[in-house]
Amino acid sequence: MHMLVGCLASALLAPALPVSISPSTTTEKHAEAVPSETIFIRAEHVILRPGQVIDDAQVIVRGGKILAVGAGLSLPAGATEISGKYVCAGFIDPWGALGISPDELSDSSPTPATRSADGVDIYGFDHLRRDTLRAGVTTARVQVGTGSRIGGLGTLLRLTPTANTADVILSRECNLWMTVGLTSGSQPLFDSQGQFMGMGGRAADPFERVETVDRLVSTLQAGQNYLVQKNEYKHELEAWKKAIAEKETELEKDAKKAKKDREKAEKEATEKGKKFEEKKYKEDKKPNPPRYDDDNEVVARVANGEIPLIVHANRVSEIRALLQGLESLGRLRLILAGGAEATYFAKQLAERRIPVIVWPAPLGRARADEFEANDLSLAARLKQAGVQVLLGSGGMDPAASRDLPLMAGLAVGAGLDREAAFEALTIGAARALDMQDRIGTVEAGKDADLLVLDGEPLVSTTRIRNVIAGGRVVVTPEN
Amino acid sequence: MWNRTIQLTALLTLCALTGSATAGNGKIVIKCGRVITQAGPDIENGVIVIEEGRIVSIGKDVKTAWDAEVLDHPELVAFPGFVEAHSIRGMDRPNENIEIAPFLDVRDSIDPINFYFEDVLRQGITTINVQQGPMCVIGGQGRVVKPVGLTVDEMTVRSSIGLKIVAGARPGRSRATQAQALRKAFGDLQMYLEKLVQDKKDGKDYARREALFQGRDMDKDENKTGREMEGVAPWKVADFKIVPRGEVDDKQEPLLRLVEGKLMAFVYCDSGVAVNNALAMARAHGFLANTVLVLDGDAWKAADAIAEAGVPVVLGPAQMYVERDPITGKEIETFVPRVFFDKKIRFALQSLNSTAQSLWFQAAQCIGQGIDRKAALDAVTRTPAEILRLGKRVGALEAGKDGNVVLFNGDPISVKSTVQYVVIEGNLVYDRSKDSRARQLLQGIEQANAAPEAVEEAVDPHSGKKAAEEKKSGSEKKD
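Protein sequence lines, in the order shown, are assigned to chains L and Y. Read in order, the letters of the first sequence correspond to residues 4 to 482 in our numbering. Read in order, the letters of the second sequence correspond to residues 5 to 483 in our numbering.
Warning: the hint list may mix true and false statements.
[To be verified] Derived contacts from chain Y toward chain L, CB cut-off under 10 Å, selection only:
id, residue
1, PHE107
2, GLY276
3, LYS305
4, ASP329
5, LEU394
None of these hints come from the bench; they were simulated from the model. The beta carbon of each residue, even a glycine, is placed where N, CA and C say it ideally should be.
All chains should be built: construct the whole structure from the sequences, respecting the hints.
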């Protein structure tokens, strides 16, 4: 029923949407279908955010958002009632592949301006999305061209199986993606059924790897230069406009005199039998703007820290080159993905507040360049050294997001603090991706991505009874 | 004496003209057993009178001119020529190596003596929309042609009907990069136009300052102007009137015409995702009302979005979409035209090739899959004619329309029927009894040298099996 209402609402809202357009962004249609349903959740413990729990509390969800959280809330009329032992925020996979077709994942042609959001296949992956929701993962950041040097802009998806793009895409410009360490032809491989088979390509030699880093760093510096040029142009243009305005008032003031001078000169010329020659007019040339470049527009914003940069790098040489190369770009916000040997740089990573997305996968699924990445204790070791740790599902296999909570459990087993793992999957990931205002905690005003559990989250014996994604109950104990 | 000579010469000339089949006096009368008009009820023993290329009257008892050529075949069925809504054949090559080339025209690529045009006559297709192939971002301008004529201009029914745009992925690339390339193309157009206006303004300002400085009056002839930007695009270039129309670059002009609603867009979509991207693009640049989606792959999954947008579609020739259930592994078949028929979306069918899977076959398949006969026939006649804005000229047999008539020796979509005669704009352009190539295809080379009786047997309307075999063998030869 609410699906129908949603469709109606979107049809009614669509024409009223304000439409704005700039050369770099195209307008995106369809209003979000706002669920009209009200949900009332009673829980023995509500985990508001890591380390902050209130007991015997209730959560009210309406219009896709969390309306209220607290103890002693009363049941609103007409609300769907759900009860459970624990309530917490839905998990976020900051390094997933679910929702992007194999062709898009292995595309090697993206440029910085390519948007993963354009490649999201909202008509496929329904079963995987359902399974992943059942496991408690409600959002995932996905990326086209994971194997290419530059993968373009990543997108954050809500995993609800629906055909309305606006309901699915939470952010179109989540991050810029770059990868170093593999040869340029490296791409995830899939069989004819779309099943992930592994990562193609071979590990590059140390020179190639450092060269790749160099190239990426210079791409970013070019973006920054572009920004500088744009700003310079703005100032130059203003100065020119001012100078011209002054000149114009002067010319207008002298207009009568100029006319008289001309008449006089013409008269003189005819008297002397010479040809009359006009005075040459000179003024400052109007400054030219820097050539518009859609890729540099994006890179400039990344260099300026408006969009985070995620770089997939594992080895010491690459991480070192990267950290050195990006030092000059003070505003850039770097996130490391992979980071197999990142512990050697733990101090620097902690100081520069560079988070690392660790893929705590068991042995046997690794890329050629990962070496110790499969050490399940990597997350724990980084965390102990003070690095902000996030957990992701590797960004290659669409089915892997489903296993993220399980993998987080493995990382806990290998020494990571459970609360740190929980933080990594909720507010930690949200913060790294600039989505802390919308997801990651149980707070009034945030999107209603909630899990109702019969035990503590990230414990293997706990069952997820209900999942609410974007204010809709998408998983119940019955389905 | 002189008078008589003139009369005699005139008489002889007249005889000579009426003697030839094609270059008559522009009058032709077709009498046949049944006329399927596609504009009302069928007419038994109907008569079609065509003069100067147009149908002047049609019915049971209509006046015929005494000097008209008569095709009197009570055993045959008259049908309006099939209309091919979209074809990438008939050119010397379908694709260019230029990604964005709206300034190209298929006029320079159509090959009037291409076998394709001969083949489509055998299948009863009389109107074809020739468009560039899908290996581009924005292709050239297509045109509607009839398959007869020695020059492209002679063939042309409507020139510059619209642009080919590709929203689907090209090989080795992703939809995301394609979407970005399209976004960039329209962004470039917008920036180009804005710069054009700005340069014009700056030039005028400069001229004014120069005149002030030199003490003279402004030249009056500087005030040539164009007109404001038209169309319904959400973005407009302000003060566009300042630019005389001739000054817009030929490379950008066709795109501007598209945005202003003066060209159609044939947007190729290979998937549901591509459909969404295509619709978003058409909305953002104001050409949704002039958009026709050319579908392939699983694009039918976006049928709801298409219905909401209200755009017509041309369906790919692979009518049955087969996918595998990811959990059970069971094959799921979807008959694509049925999806659009059920959702009441205007759809036209498209030939895979000119023989075995030509339009008659596509329509017959639809009837076999439960679409009613009228809708199936409309999808190869009236609907494509309306989609191509040629509804007043082709697609049905009624007074005032072009004299395009195909005579079959049975029901036009029966596997047993073959095309006997084709009349295009009043000219008899195909006569099966004189089609030596068809005879060879039908009988093989050895038999082609055999006695002529065999020919009679082959076109016998009662030897259905033979006719069916012929269609099959035709396709094998063709492919």
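Here's how the hints hold up against the structure:
no.: 1; hint: PHE107; verdict: violated (21 Å)
no.: 2; hint: GLY276; verdict: holds (4 Å)
no.: 3; hint: LYS305; verdict: holds (4 Å)
no.: 4; hint: ASP329; verdict: holds (9 Å)
no.: 5; hint: LEU394; verdict: violated (30 Å)
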